[in-house]
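Listed in order, the protein sequences are those of chains V and L. Numbering of the first sequence is given in the numbering used here, commencing with residue 1 and proceeding in unit increments. Numbering of the second sequence is given in the numbering used here, commencing with residue 1 and proceeding in unit increments.
Do not rely on the hints blindly, as some may be mistaken.
Identical chains share a label here; the pair holds if one copy fits it or two copies do between them.
Here are the simulated SDA-like cross-link-like pairs (lysine to any residue), alpha carbons at most 20 Å apart as the crow flies [said to hold, decoys possible]:
hint	residue 1	residue 2
1	Lys76	Asn90
2	Lys105	Leu142
3	Lys164	Gln189
4	Lys310	Pro144
5	Lys105	Gly260
6	Lys76	Gly283
7	Lys164	Arg104
8	Lys105	Thr232
9	Lys164	Pro259
10	Lys105	Gly233
11	Lys105	Val235
12	Lys164	Gly260
13	Lys310	Ala141
14	Lys105	Gly234
15	Lys105	Pro259
16	Lys105	Glu210
17	Lys310	Pro25
18	Lys105	Gly283
19	Lys164	Glu97
20	Lys310	Gln189
21	Lys310	Val33
22	Lys105	Pro25
Don't read these hints as lab results, they were simulated from the structure.
2 protein chains.
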Amino acid sequence: MRATFMYGAGDVRVEDAPDPVLEQPTDAIVRIVRACICGSDLHPYHNLPASTGGAPMGHEFLGFVEEIGSEVAGLKRGDFVLAPFAYADNTCDFCCEGLHTSCRKGGFWGVGGMGGGQAEAIRVPQAQGTLVNLPVGEDSALLPSLLTLTDVYGTGYHAAKRAKVNPRTTVTVIGDGAVGLLAVLSARQLGAERIILMGRHEERTQIGREFGATDIVPERGQEGIERVRELTGGVGTHTVLEAVGYMSAYEMAVGVVRPGGVISRVGMPQYEEAPIGFTSLFGPNITLTGGPAPVRAYIDELLPGVLEGKVEPGRVFDRTVGLDMVPDGYRAMDRREALKVMVQP
Amino acid sequence: MRATFMYGAGDVRVEDAPDPVLEQPTDAIVRIVRACICGSDLHPYHNLPASTGGAPMGHEFLGFVEEIGSEVAGLKRGDFVLAPFAYADNTCDFCCEGLHTSCRKGGFWGVGGMGGGQAEAIRVPQAQGTLVNLPVGEDSALLPSLLTLTDVYGTGYHAAKRAKVNPRTTVTVIGDGAVGLLAVLSARQLGAERIILMGRHEERTQIGREFGATDIVPERGQEGIERVRELTGGVGTHTVLEAVGYMSAYEMAVGVVRPGGVISRVGMPQYEEAPIGFTSLFGPNITLTGGPAPVRAYIDELLPGVLEGKVEPGRVFDRTVGLDMVPDGYRAMDRREALKVMVQP
Numbered sequence: 001m002r003a004t005f006m007y008g009a010g011d012v013r014v015e016d017a018p019d020p021v022l023e024q025p026t027d028a029i030v031r032i033v034r035a036c037i038c039g040s041d042l043h044p045y046h047n048l049p050a051s052t053g054g055a056p057m058g059h060e061f062l063g064f065v066e067e068i069g070s071e072v073a074g075l076k077r078g079d080f081v082l083a084p085f086a087y088a089d090n091t092c093d094f095c096c097e098g099l100h101t102s103c104r105k106g107g108f109w110g111v112g113g114m115g116g117g118q119a120e121a122i123r124v125p126q127a128q129g130t131l132v133n134l135p136v137g138e139d140s141a142l143l144p145s146l147l148t149l150t151d152v153y154g155t156g157y158h159a160a161k162r163a164k165v166n167p168r169t170t171v172t173v174i175g176d177g178a179v180g181l182l183a184v185l186s187a188r189q190l191g192a193e194r195i196i197l198m199g200r201h202e203e204r205t206q207i208g209r210e211f212g213a214t215d216i217v218p219e220r221g222q223e224g225i226e227r228v229r230e231l232t233g234g235v236g237t238h239t240v241l242e243a244v245g246y247m248s249a250y251e252m253a254v255g256v257v258r259p260g261g262v263i264s265r266v267g268m269p270q271y272e273e274a275p276i277g278f279t280s281l282f283g284p285n286i287t288l289t290g291g292p293a294p295v296r297a298y299i300d301e302l303l304p305g306v307l308e309g310k311v312e313p314g315r316v317f318d319r320t321v322g323l324d325m326v327p328d329g330y331r332a333m334d335r336r337e338a339l340k341v342m343v344q345p
Numbered sequence: 001m002r003a004t005f006m007y008g009a010g011d012v013r014v015e016d017a018p019d020p021v022l023e024q025p026t027d028a029i030v031r032i033v034r035a036c037i038c039g040s041d042l043h044p045y046h047n048l049p050a051s052t053g054g055a056p057m058g059h060e061f062l063g064f065v066e067e068i069g070s071e072v073a074g075l076k077r078g079d080f081v082l083a084p085f086a087y088a089d090n091t092c093d094f095c096c097e098g099l100h101t102s103c104r105k106g107g108f109w110g111v112g113g114m115g116g117g118q119a120e121a122i123r124v125p126q127a128q129g130t131l132v133n134l135p136v137g138e139d140s141a142l143l144p145s146l147l148t149l150t151d152v153y154g155t156g157y158h159a160a161k162r163a164k165v166n167p168r169t170t171v172t173v174i175g176d177g178a179v180g181l182l183a184v185l186s187a188r189q190l191g192a193e194r195i196i197l198m199g200r201h202e203e204r205t206q207i208g209r210e211f212g213a214t215d216i217v218p219e220r221g222q223e224g225i226e227r228v229r230e231l232t233g234g235v236g237t238h239t240v241l242e243a244v245g246y247m248s249a250y251e252m253a254v255g256v257v258r259p260g261g262v263i264s265r266v267g268m269p270q271y272e273e274a275p276i277g278f279t280s281l282f283g284p285n286i287t288l289t290g291g292p293a294p295v296r297a298y299i300d301e302l303l304p305g306v307l308e309g310k311v312e313p314g315r316v317f318d319r320t321v322g323l324d325m326v327p328d329g330y331r332a333m334d335r336r337e338a339l340k341v342m343v344q345p
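The shape of chain V in the complex, shown without the other chains:
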């Protein structure tokens, strides 16, 4: 099969790779119909050290079940399925608490011997717990929106859920990437009436407006903080959904959160140490939450809205490429010529 590997910063290659095979009786093999490139794939694209062994890329995909291990129940060949960006058994204590990203038998695509989703096929461990049957065919117009359930929609939703967004909470969303825009959509779904989107790419913030943002703040840094505070009577918003991951975004979050409020991070932090002492989080009783989204936990909740067409999270895709053009897709997202690139193997 053909599959995508990264050999170092900026070095993405689509190459021949062995077809995946069942290794455990709990595995399935999925033939991939749609995949995509994630904003988080751009982090290694910027800083992965060069290596002779390529890293399998991609963690968002849907497709057909092609083979099933002997211990996989509830799935059959030919099922059209999607997979969350973390595989999980969906039965352990952490999964039962909705924290599939900490599943005792779980893990992530592309690491520890796992393949990536930007490929023609993939071996899925813990297939029974991981894969979710889709009641549509591969010709469905809903594929882009369904594909967002594998990561970016669930991740935006996780930000909003962890922040306990509700009709009484004001919200700032930091970042106009796919996750930021879907954090806006999620906050709106949870009832928020005031949603300030901090982003400066007009074609993206326009989608943000359509998803529910009431105010757009293109300024950044201290200027952006002051603008949000002006918009909120000087105090900031009850919740801040941080969908970027850079220290500058964290600093903006601290600057615009209301005393007693919540900063919910879903952008992969590109820092380890940060201010959390008296003057930043402690004094004003700020709560800091978030992490990798257990998107599996949210699919049952979010899928009906997608199937009924009540929401259209797939609008974040603005380009589709074939598998061999994946390196171009990375380039386009890195240059911000594309918001999110879908891959059609």
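Knowing the structure of chain V, use the given hints to seat chain L on it.
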């Protein structure tokens, strides 16, 4: 009157000071019957730069209303009252949300021209919102327990409330000072059945056991972390109540919190930057919360249990001194010869 001032690290003096007078129509003057020394008073006791102007000390007191400003309703001369460690109008939007420490007209004792509680009398701003009437007299045996409602009991309770402790959550409390012990008591009140207390002073951890701790871990650092993990099937506890404030305590909290769990800090952080990135908080979806406790918000909830004798938080006091002996009280707490010192002016 006589009042306590700190002139630098280790330099506590009880001196003559002008009697407090009403300055605003919203003020009251309180003649202090009991005050105390707080673990947080030991931070300046360790590191306050020497100065020719002393800082008024003490933020926990109860006493009699002696004078009332013209705009103070609901109080009269002779009322026996207590004051939270933050004064507040109890009517602004933050107070209504239970965040009295961020009150728009509020502040703290001993700063910004305010007097301290380790004194014979004090001017109380926002008296109507700040002072709480007590249905007992100055000869009541409940005074020590009532005095804890001004800070340490409410602070321990804040840690537990912010962490959402309930009968299903396992709890680690870090620190066997007065706040740590009252965090144990609070966690038990909120229904926790498994409470691990990390502390190594046996006479204190014994009180912790009586307050509800089920396990005592005297080890610290990595050894302490491993011990708590052993006690919890390798995963740590759902909630960690951090009642110390040093970086070493934060690191222990990160080490013993369960994936998806909550670290709730009420020890005044003696650091500004700390690890919060992928390997500490983000990857395992840890929530960090806490801050200065809005104890005013909890008094209505906690007072009945004290009055009915269901709880006895006043057990944290193990020494009483007269006002002129306050410097000895600081010394005794600093040397850990006393857990918490009550002051009887």
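Verification of the supplied hints:
no., hint, verdict
1, Lys76 - Asn90, "within (18 Å within a copy, 62 Å between copies)"
2, Lys105 - Leu142, "neither (31 Å within a copy, 53 Å between copies)"
3, Lys164 - Gln189, "within (12 Å within a copy, 25 Å between copies)"
4, Lys310 - Pro144, "within (14 Å within a copy, 59 Å between copies)"
5, Lys105 - Gly260, "between (36 Å within a copy, 16 Å between copies)"
6, Lys76 - Gly283, "neither (55 Å within a copy, 33 Å between copies)"
7, Lys164 - Arg104, "neither (26 Å within a copy, 24 Å between copies)"
8, Lys105 - Thr232, "between (45 Å within a copy, 19 Å between copies)"
9, Lys164 - Pro259, "both (15 Å within a copy, 19 Å between copies)"
10, Lys105 - Gly233, "between (48 Å within a copy, 16 Å between copies)"
11, Lys105 - Val235, "between (44 Å within a copy, 14 Å between copies)"
12, Lys164 - Gly260, "both (13 Å within a copy, 15 Å between copies)"
13, Lys310 - Ala141, "within (14 Å within a copy, 63 Å between copies)"
14, Lys105 - Gly234, "between (47 Å within a copy, 15 Å between copies)"
15, Lys105 - Pro259, "between (39 Å within a copy, 14 Å between copies)"
16, Lys105 - Glu210, "neither (39 Å within a copy, 39 Å between copies)"
17, Lys310 - Pro25, "neither (38 Å within a copy, 57 Å between copies)"
18, Lys105 - Gly283, "between (39 Å within a copy, 16 Å between copies)"
19, Lys164 - Glu97, "both (16 Å within a copy, 15 Å between copies)"
20, Lys310 - Gln189, "within (10 Å within a copy, 44 Å between copies)"
21, Lys310 - Val33, "neither (24 Å within a copy, 64 Å between copies)"
22, Lys105 - Pro25, "within (14 Å within a copy, 65 Å between copies)"
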